[in-house]
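If you read the protein sequences in the order shown, they are chains P and B.
Everything in the first sequence is counted per the numbering used here, starting at 1 for the first residue and increasing by one.
Everything in the second sequence is counted per the numbering used here, starting at 1001 for the first residue and increasing by one.
None of the hints are false.
Covered stretches of chain B, going by a simulated chain P footprint (3 or more residues, C-beta under 8 Å):
| no. | region |
| --- | --- |
| 1 | 1056 to 1068 |
| 2 | 1174 to 1184 |
| 3 | 1192 to 1205 |
These aren't lab readings, by the way, just hints derived from the structure by calculation.
Note that CB positions come from ideal geometry on N, CA and C, so glycine has one too.
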Amino acid sequence: MISCDKAAIICNKTQYGEASFMDKLKLKFHLFICKTCSAFTKKNTKLTVLCEKANLHALSEKEKLKMKEQLQHNS
Amino acid sequence: MAALKFTEVNKNLQLIKSNSVTFVNQKKKMTAHQLQPDSWVDLYADYLFNYAVARVSDAEIAKDLVQETFFAGLKSAKNYKGEAAERTWLIAILKRKVIDHYRRINSNKGKAEVRMRYSSSSDSEGDWLEEQVADPFSMLENSAIENEELGSAIYSCISKLPKKQAQVFKMKTIQGISTEDICNELGINPSNLWVMIHRARTALMGCLNENWY
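Okay, chain B solo, but in the shape it has when bound (with noise of 0.2 Å):
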C-alpha cells in the first residue's frame, strides 16, 4: 500500500512540474504586463465564472463574485504591478472574493462548526473513529482535482483562440445552443459555423496534446 501512495505522490507532482514549467515559458513569452479593463469581461468572464463555479457551485452565486471581481479589479487597478499576467491578477482576486462568500454564509459561529454524523446502528458501536479515515483507494477526489485543471486548461486553450472562433465554439459546446439559433445570433449561415468549429476544434486538438492526449 505504501509504494501504491509513492508513485501517486509522484504522479502528482510530475503534474505539478509540467504545469509549473508551462506557466514559466508562459511568463517568459509576456515581458511587460498592462491592464486593459474593457476587455476584462470578452477575454476573462468565463474562465473567472468556470473557477467560480466550481467552487461555490451555484451560478448565480458565481457570477456575482466574477462581477465583484472586476470592480475590486478596477478599483485596485493602480495597485497593478505588472508582475503577475492580467488572468493570473484577476483570479487571485476572485480567490479571495470566494474565500470572503464562505466567510459571509458563516459568520454565525454555529455555522462554522464542522458536525460529523455518526450512525446510530449499534452494529458499528466502537468503529466510529475507522468510519472518518479516508478511503486510500478512492480515486473520487483525485479525478475532482483532475478534472479542474482540465478545465483550466481548455479554457486557457480557448482563450488562444481568435474571438469568434472561440464565442461560437463555446456556445455551441458548453452553452448547447443549437445551430440554428446561433446562426441566427450571430447573423452567419450553417456552413460558415461548421467551418470555424472545425477550425476551434483543430486548434484546441493540437493546443491540449501535450498533456490531455
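In isolation and in its complexed conformation, chain P is listed as follows (with noise of 0.2 Å):
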C-alpha cells in the first residue's frame, strides 16, 4: 500500500509519462480506495491537457542571459 503523498508523486510523474509500469499499477490501485487522490488525478490531468491546448512557449535560461547581457550593454 502507498501513501497518498506517494500516490501524488507517481501522478506527477505519469503527466510527464515518466512513471514506471509498477509505479502506474500502485497508483491505479491507490485511486481504487482514494477519492482524494482521484479527484487530485483528475484535476491533474486535466491541467496536463490545459497546457498543451495552450501550447505555450519559453525561452530558454541561455536566451534570457544573452537578453539581459544586451539590455546592460545598452543602457
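Make one complex out of these two single chains by using the hints.
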C-alpha cells in the first residue's frame, strides 16, 4: 500500500510520462480506494491537457541571459 | 441560427466581463506601480515571448521583438506614469512592435494587397461570393481565441509562483527538458524536483480553478 504523498508524486510523473509500470499499477490500485487522490489525478490530468491546448512557449535560460547582457550593454 | 449566434455573443460577453472583473481586482491590489528594469527579463520575458509567438509565428522574430520591447521600455521609462502595471505597460509596447513588424515586412505597397484565390473550376461559376462568406458553424476561430486567453491565464498564474518553482515548471512542462538535465542544470536531486513540480501544479490548479475547470 502506498501513501497519498507517494501517489501524488507518481501522478505527477505520469503527467510527464515518466512513471514506471509498477508505479502506475500501484497508483491505479491506490486511486481505487482513495477518493481524494482520484479527484487530484483528474484535476492534474486536466491541467496537462490545458497546458498542451494553450500551446505555450518559453525562452531558455541561455536566451534570457543573453537578453540581460544586451540590455545592460545598452543602458 | 440567429438564436445560436445570440447565445454565442452572450457567452463571449460573459467571458469579457469576468476577465475585466479580475483585471479590476488586480488593479486594486496594486496601488503604486514602479518600474524595475533589472527584473524584467526574469519576470516578463516568457510572457511577452508567448504573446509575440502567437502573433508572428516565428520564434526568432518573436525573440527580437521582445528584446526591442525591453529596449524601448528602458528608453521611455521616464514617461511611465505608474497608472498601469509594469506587465501591462510592456505588453502595450510589444503590441506596437508587432504592428511595426508587419508594417516593415509589408513596406512594398504590392505586398499589402489582399489577394483572394478563386477556384478555377467551372462548376463553381457564380458562387465566388458565397465562398468568401464565413462559415457560421466554424468554431475554429473561437477556439484559437480561447486558447490564447488560456495561455495568458496560465502565465499569470505561473507569475504568482515562487521563482524556483516557476522555473522548474516551465523547463519541465513548456520546454520539455528531461528530469536529469534539469537536475544537472539547477543542481538539485530528482525528488527535490518532483516536490517542486507538485507544489507548482497544485498552485496552478487552484489558480486556474475559477475560470478554466
